[in-house]
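Visitor: Chain residues, written in single-letter form:
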Amino acid sequence: MSTSFIGKTVKTIHEALKNQVITCTQLIEQHFSHIQAVDPQVKAFLSLMKDQALEQAAKQDALFKQGSETRPLAGIPIAIKDNLCIQGSKTTCGSKILEHFVAPYTATVIEKIKASGLIALGKTNLDEFAMGSSTENSAFFATKNPWNTDYVPGGSSGGSAAAVASGQAVLALGSDTGGSIRQPAALCGISGMKPTYGRVSRYGLVAFASSLDQVGPFAQSVEDIALLLNAICGHDSHDSTSSTEAVPDFTQALTPSVQGLKIGVPTQLLSDTVDPAVKAAFVRALDTLKAQGATWDTFDMNELEACVSTYYILAPAEASANLSRFDGVRYGHRNTQAQGLHDMMALSRGEGFGPEVKRRILLGTYVLSSGYYDAYYAKAQQARTLVKHHFSQAFKQFDVIATPTSPSLPFKLGEHSENPLSMYLADIATIPVNLAGLPGLSIPCGFHEGLPIGFQLIGKHFDEATLLKTGHTYQTVTDYHLQRAPLCQ
Amino acid sequence: MSFSLQELDHLLALSHLHLEDSEKPHYLAQLQRILDHMKNLSSVNLDGLSAELSTTQSTPLRDDVVVTQPDLLLKQNAPLWEAGCFRVPRLLE
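Same order as they appear, the protein sequences are chains A and B. Going letter by letter, the first sequence gives residues 16 to 504 in the numbering used here. Going letter by letter, the second sequence gives residues 132 to 224 in the numbering used here.
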């Protein structure tokens, strides 16, 4: 019987594979056994790719046996959010409208992880088309928080976050349009990063809001985030918004030092709008970094509350345009009873989309319609310019900006389902980062009644390295990231 | 500003989306609440700010070279496929 590597970090597993303490096939089999045992409770996966994973593991074993495998991520199991295309596999986006859709091509980010030797275990659950903060908006089922299955894992990448937190995968990929990696990372007690807009190719990521979407990593530690980031970043000629900026070796940033680092904290995110337990954990995290040589101070970001309105105008506007392609003509669900073409489209979309997606399509159509464009869309674009400007000003004074990732603790399933606005308002700390296209890293900083709390570090454009350095320093003197959910045992 | 049922019907037509009549009051109330909240944008001073989306980078262009497309699985994903075409309900009588 081989030693269990469930819930271990990349470094530990890599050493074990290299020294042939465990074979890659055994490692993958261990993870599928664990998925079989715990996923009926967590419900992180929409589909599994066991045959392909074991086939790839056998190839990896041959390389390890020859001693020719040196790639740090080779053989490591990874979970993929089901809005990233893998040729020949179903890509549902958590939606009935794409329930039977088979992707005709592979996302660049998937090609990159394959080239790094990572082994995809399956596709994870999400809020439909990545619209939501709890993964309850999936058309198929709700994912549960591995720390307490009465609670949501966050969203929209809740399946990916829960898969890592429950030990079903070592790493995962998600997408983040307004906090969809960072918020579930915080609620599930793991690390998650939204890289700078353009750092990672969006080719093959099903579009929600193209000017805000970004693919990013989940892991148990910042060290593992850096390794996965190394694998996925870089320019892609298939995505004209992907950056040509040079990609550093992010593991070089993993030196535990924050001496002289200046941290800025928006005053508004130390106010009573933040849950007292979250605030206490956040201030403790700031003081921990201070004890390591950093300084922190507050600054005003008065337009924070307006950021939520700005986002919920711009993102639905882009979504209403992006989702117009799902019309029942070329792919996806079609109503077969409709008499004419227009009825067929309206009925297909009415049946195929869930309530949150319909709400956002309607909102987006409203703010783009003549008569309301200037009052909503144009104003929101101006507000986005203002947010970017305020971040630029803040970064003249500070090296990084810190906030609680979510102002509230994880909530129970169904708690906000009838009040979408209350769910939107909980994105207050993560949304501005997408509006400004900045990188953001969420890391665990405490627990309250057994539920995890996370805090967020925001960096300058393309300065993921400073976030990784700060996060790594924090994790060398704290052990929140070493704690595992009950379902990860 | 009040959001009316007629306006909702207009939006449904614009977005090619069907809702059952029984669902409309619920959507109407939720959209009204969200739009009311968005009024807080009016309290932000936006004078002189650009409404253009500015980016920090130029758009890299690739060479104009024809690339081979993979099999787009058109037939496999089509709701209705006939004689190499997507079949849709009749448009003209």
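Don't read these hints as lab results, they were simulated from the structure. Accuracy of the hints is not assured; some may be wrong.
In silico DSSO-like links for lysine-lysine, alpha-carbon gap of 27 Å or less [claimed, not checked]:
1) B:155 to A:403
2) A:111 to B:170
3) A:427 to A:475
4) B:155 to A:111
5) A:105 to B:170
Far from chain B, by Cβ distances over 12 Å, these chain A residues were calculated [stated by the list, open to error]:
6) 69
7) 295
8) 320
9) 339
10) 343
It should be emphasised that the depicted structure is a prediction, and the values quoted were computed from it without experimental measurement. Just so it is clear, CB atoms sit at the ideal spot from N, CA and C, and this is done for glycine as well.
Visitor: Determine whether the non-interface label on residue 320 (chain A) survives the test: each CB of chain B must be over 12 Å from its CB.
Guide: Since the minimum Cβ distance to chain B is about 6 Å, residue 320 (chain A) lies within 12 Å and the statement is violated.
Visitor: Is the Cα-Cα distance between residue 111 (chain A) and residue 170 (chain B) 27 Å or less?
Guide: Given pair residue 111 (chain A), residue 170 (chain B) is violated - Cα atoms ~33 Å apart, limit 27 Å.
Visitor: Would you check the hint for residue 155 (chain B) and residue 403 (chain A), treating anything up to 27 Å between C-alpha atoms as holding?
Guide: 37 Å, violated
Visitor: According to the definition I'm using, a residue is off the interface if its beta carbon is farther than 12 Å from all beta carbons of the partner; does residue 343 (chain A) meet that for chain B?
Guide: 6 Å, violated
Visitor: For the pair we were handed, residue 427 (chain A) and residue 475 (chain A), check the Cα-Cα distance against 27 Å.
Guide: Outside the cut-off at roughly 34 Å; violated.
Visitor: Report holds if the minimum CB distance from residue 339 (chain A) to chain B is greater than 12 Å, and violated otherwise.
Guide: 8 Å, violated
Visitor: Would the hint linking residue 105 (chain A) and residue 170 (chain B) be met if the CA-CA limit is 27 Å?
Guide: 41 Å, violated
Visitor: If we take the beta carbon of residue 69 (chain A), is the closest beta carbon in chain B still more than 12 Å away?
Guide: 25 Å, holds
Visitor: Compare the distance between the alpha carbons of residue 155 (chain B) and residue 111 (chain A) with 27 Å, and conclude whether the hinted pair is satisfied.
Guide: The hint holds at about 21 Å.
Visitor: For residue 295 (chain A), which was marked as not at the interface, is the minimum beta-carbon distance to chain B over 12 Å?
Guide: With a cut-off of 12 Å, residue 295 (chain A) remains clear of chain B, as the shortest Cβ separation is near 28 Å.
Checked against the numbered hints listed earlier, the structure breaks hints 1, 2, 3, 5, 8, 9, 10; every other hint is satisfied.
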